[in-house]
Amino acid sequence: MRNRLAILTVAVLLPISGVAASVAVAGQAQAATLVKVTVTGTVDDCDDESSPDTVKIKAGTETKTDNSLAGNSNSYSVVFKKIAKNATVTAKATVTCEGGDTYKQSFTLKGSTTADPVTRKQNLEP
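Residues in the sequence shown are numbered consecutively from 22, following this note's numbering.
The hints are simulated quantities; they were obtained by calculation from the structure and are not laboratory data.
Be careful, since some hints might not be right.
[To be verified] As a list, the in silico DSBU-like pairs of lysine-lysine whose alpha-carbon atoms are at most 30 Å apart:
hint, residue 1, residue 2
1, Lys102, Lys57
2, Lys125, Lys142
3, Lys77, Lys102
4, Lys77, Lys131
5, Lys131, Lys142
6, Lys125, Lys113
7, Lys106, Lys125
8, Lys113, Lys103
9, Lys57, Lys125
10, Lys125, Lys77
11, Lys79, Lys131
12, Lys77, Lys113
13, Lys103, Lys125
14, Lys113, Lys57
15, Lys79, Lys113
16, Lys57, Lys131
17, Lys142, Lys102
18, Lys125, Lys79
19, Lys113, Lys142
20, Lys102, Lys131
[Unchecked claim] Simulated restraints, written as ranges between beta carbons of each label pair:
hint, residue 1, residue 2, range
21, Glu119, Gln143, 20 to 28 Å
22, Glu70, Thr135, 38 to 46 Å
23, Lys131, Thr84, 14 to 22 Å
24, Ala136, Asn88, 26 to 34 Å
Idealized CB from N, CA, C, for every residue including glycine.
Build the full structure now, drawing on both the sequences and the hints.
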């Protein structure tokens, strides 16, 4: 009787543990699909009329900074590499100007529906 009970227990638990392992592996594979999202645009001067110096954008777990604005142009570009495929992420930009003033702007980033890179144009202004 004990042997039959042990065999029945193993017969019931073995398929259940296999299903759980399959679900765990499928979840991990889906979470690993990341796409490259490039954000470009122009940056307006601050309210104190000073020129923009840096742009810092936080999206999801990444924060990217473009320091090339000082003395050059008002164009910026940052690349995010940890945006999940099909994801919608709120991006928060902070522009710091030469005079020390800052301004912030939020916008939405979307990962591509495929594994292809995405380019998003977003102009920043106070």
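Right, here's what the structure says about each hint:
1. Lys102 - Lys57: Holds - the C-alpha atoms of Lys57 and Lys102 are around 5 Å apart, at most 30 Å.
2. Lys125 - Lys142: holds (16 Å)
3. Lys77 - Lys102: With a Cα-Cα distance of about 15 Å, the restraint between Lys77 and Lys102 holds, given a limit of 30 Å.
4. Lys77 - Lys131: holds (18 Å)
5. Lys131 - Lys142: Satisfied, since the Cα-Cα distance of roughly 12 Å is no more than 30 Å.
6. Lys125 - Lys113: With a Cα-Cα distance of about 7 Å, the restraint between Lys125 and Lys113 holds, given a limit of 30 Å.
7. Lys106 - Lys125: holds (26 Å)
8. Lys113 - Lys103: holds (15 Å)
9. Lys57 - Lys125: Roughly 23 Å between the alpha carbons, so the hint for Lys57 and Lys125 holds.
10. Lys125 - Lys77: holds (10 Å)
11. Lys79 - Lys131: Given that 30 Å is the threshold and the Cα spacing comes to 14 Å, the pair holds.
12. Lys77 - Lys113: Holds, at roughly 8 Å.
13. Lys103 - Lys125: holds (22 Å)
14. Lys113 - Lys57: The hint holds at about 17 Å.
15. Lys79 - Lys113: holds (5 Å)
16. Lys57 - Lys131: holds (10 Å)
17. Lys142 - Lys102: Cα-Cα ~17 Å, so holds.
18. Lys125 - Lys79: Holds, because 11 Å separates the two Cα atoms, which is no more than 30 Å.
19. Lys113 - Lys142: holds (14 Å)
20. Lys102 - Lys131: holds (12 Å)
21. Glu119 - Gln143: 20 to 28 Å: holds (22 Å)
22. Glu70 - Thr135: 38 to 46 Å: holds (44 Å)
23. Lys131 - Thr84: 14 to 22 Å: holds (19 Å)
24. Ala136 - Asn88: 26 to 34 Å: holds (30 Å)
When the structure is compared with the earlier hints, no violation turns up for any of them.
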